[in-house]
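One-letter residues, chain by chain:
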Amino acid sequence: MLSNLYIMKNLLRDQRTQRGLSQADLAASLGVSRQTVIAIESGRYSPSLPLAFRIAKYFDLTVDEMFVPEEEEK
Amino acid sequence: MRSNKSSRWLAPATVIIGGSIIALAVGIGHEWSKALITEIVTLVLGVGYFILTGRNSDIGAIYGGRADERQHLVYLRASATALRVVLGAAFVCAVISVALNDNYWQSDVIGSVGGVAFLLCLAAYGDNDDSAHD
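These protein sequence lines map, in sequence, to chains F and U.
Just so we're aligned: the first sequence equals residues 1 to 74 in the working numbering.
Just so we're aligned: the second sequence equals residues 75 to 208 in the working numbering.
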């Protein structure tokens with residue numbers, strides 16, 4: 001599948017739990033559904049650029065600190 | 075795409091209006107008793123859609139007009155797959171029509187296959203809230 005080529009690792013779960021936020025709280029703050037937060041955290045969905053920037057800004061990080069391509073991690 | 079509560083009525087209202095038009099056509103072209111049955115089925119479907127739009131799932135969000143970007147993607151993927159299924163069904167109908175030298179271009183069959191394929195794809199590509207946990 002095409003989508004599998006663009007899966008990114010991310011720090012969303014770590015950042016969220018560090019701040020004691022629930023998935024529902026974070027989803028409401030970002031203006032997305034809880035299922036979407038779950039999908040991003042589990043790596044099943046890579047967000048659009050606008051959403052990626054919103055997420056990074058929310059946690060006071062840059063986009064490339066928050067999201068890491070799987071290739072770079074290997 | 076966050077939207078107001080009125081969007082929840084859009085899908086059920088569309089189903090009821092569309093079904094009522096079909097029921098009217100059944101009444102004019104066939105029997106009014108059959109039209110009544112069609113209308114009852116339509117109303118049941120409309121209620122079903124209304125319940126669906128209130129659910130906290132991808133399908134509920136899509137039909138309820140409050141889909142976010144990932145849910146839009148789910149909708150687009152399901153639409154694309156359903157279109158391929160409809161084209162396949164239309165191709166099969168065309169082949170049968172030619173082979174039997176008969177009119178086998180059944181819009182109800184093609185439409186039903188496409189509709190079922192779309193709903194199955196939404197369920198397959200989307201998530202339910204049951205799978206969610208903090």
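By construction, these hints were calculated from the structure, which means they are not laboratory data.
Idealized CB from N, CA, C, for every residue including glycine.
Careful: at least some of the hints might be erroneous.
Short derived list, chain F residues pointing at chain U, Cβ under 8 Å [claimed, not checked]:
| hint | residue |
| --- | --- |
| 1 | S29 |
| 2 | V32 |
| 3 | S33 |
| 4 | T36 |
| 5 | S48 |
| 6 | L49 |
| 7 | A52 |
| 8 | F53 |
Where does the structure disagree with the numbered hints, that is, which hint numbers, in rising order?
Hints 1, 6, 7, 8 are the ones this structure does not satisfy, whereas the remaining hints hold.
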